[in-house]
Amino acid sequence: MSTLTAPQRTSAVLAALQHPTSTGTSARQTFLDRIALRLAVALLLWSTRPGPDREALHARRAQRLAREAREAEWERRRALLAPRR
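Per my numbering, the sequence shown runs over residues 22 to 106.
To be clear, the hints were calculated from the coordinates, so they are not data collected in a lab.
The beta-carbon is built from N, C-alpha and C at its ideal position, and this holds for glycine as well.
Don't take each hint at face value.
[Stated by the list, open to error] Beta-carbon label-pair distances, calculated as ranges:
| no. | residue 1 | residue 2 | range |
| --- | --- | --- | --- |
| 1 | 62 | 103 | 51 to 59 Å |
| 2 | 105 | 56 | 54 to 62 Å |
| 3 | 39 | 61 | 33 to 41 Å |
| 4 | 95 | 54 | 50 to 58 Å |
| 5 | 91 | 49 | 55 to 63 Å |
| 6 | 56 | 76 | 35 to 43 Å |
| 7 | 65 | 105 | 58 to 66 Å |
| 8 | 60 | 80 | 30 to 38 Å |
| 9 | 72 | 92 | 36 to 44 Å |
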């Protein structure tokens, strides 16, 4: 291709290819935008956390049953040792 006969760019095309000039006002995030962004990231992280496995569910259930048994025993002993009215 001969560069002597190639079409040259016009000034309108050059202006379109250049970066736009700043108007003096910078686009800043508002306080609500920052809060919304942090909330969205927190919700995304929370929703993608791994769920409990079977062993963890079984351990939680066993702990709950043991706690309920201890509390029931405490209530029974308290009822037996309380003075009569």
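These are the hints, each one checked on the structure:
Roughly 54 Å separates the CB atoms of residue 62 and residue 103, a value that falls within the hinted 51 to 59 Å. At about 59 Å, the CB distance of residue 105 to residue 56 agrees with the hint of 54 to 62 Å. Under the hint 33 to 41 Å, the C-beta atoms of residue 39 and residue 61, about 35 Å apart, fit the expected range. Checking the proposed 50 to 58 Å range against residue 95 and residue 54 shows it holds: the Cβ atoms sit about 52 Å from each other.
For the pair residue 91 and residue 49, the supplied restraint of 55 to 63 Å holds, since their beta-carbon distance comes to about 57 Å. Taken as a hint, the range 35 to 43 Å holds for the pair residue 56 and residue 76, whose Cβ atoms sit roughly 38 Å apart. The hinted range of 58 to 66 Å is satisfied by residue 65 and residue 105, whose Cβ atoms lie roughly 60 Å apart. Between residue 60 and residue 80 the beta carbon distance is about 32 Å. The supplied range of 30 to 38 Å therefore holds.
Checked against the hint of 36 to 44 Å, the C-beta distance between residue 72 and residue 92 comes to roughly 28 Å, which is inconsistent with it.
The structure shown violates just one earlier hint, number 9.
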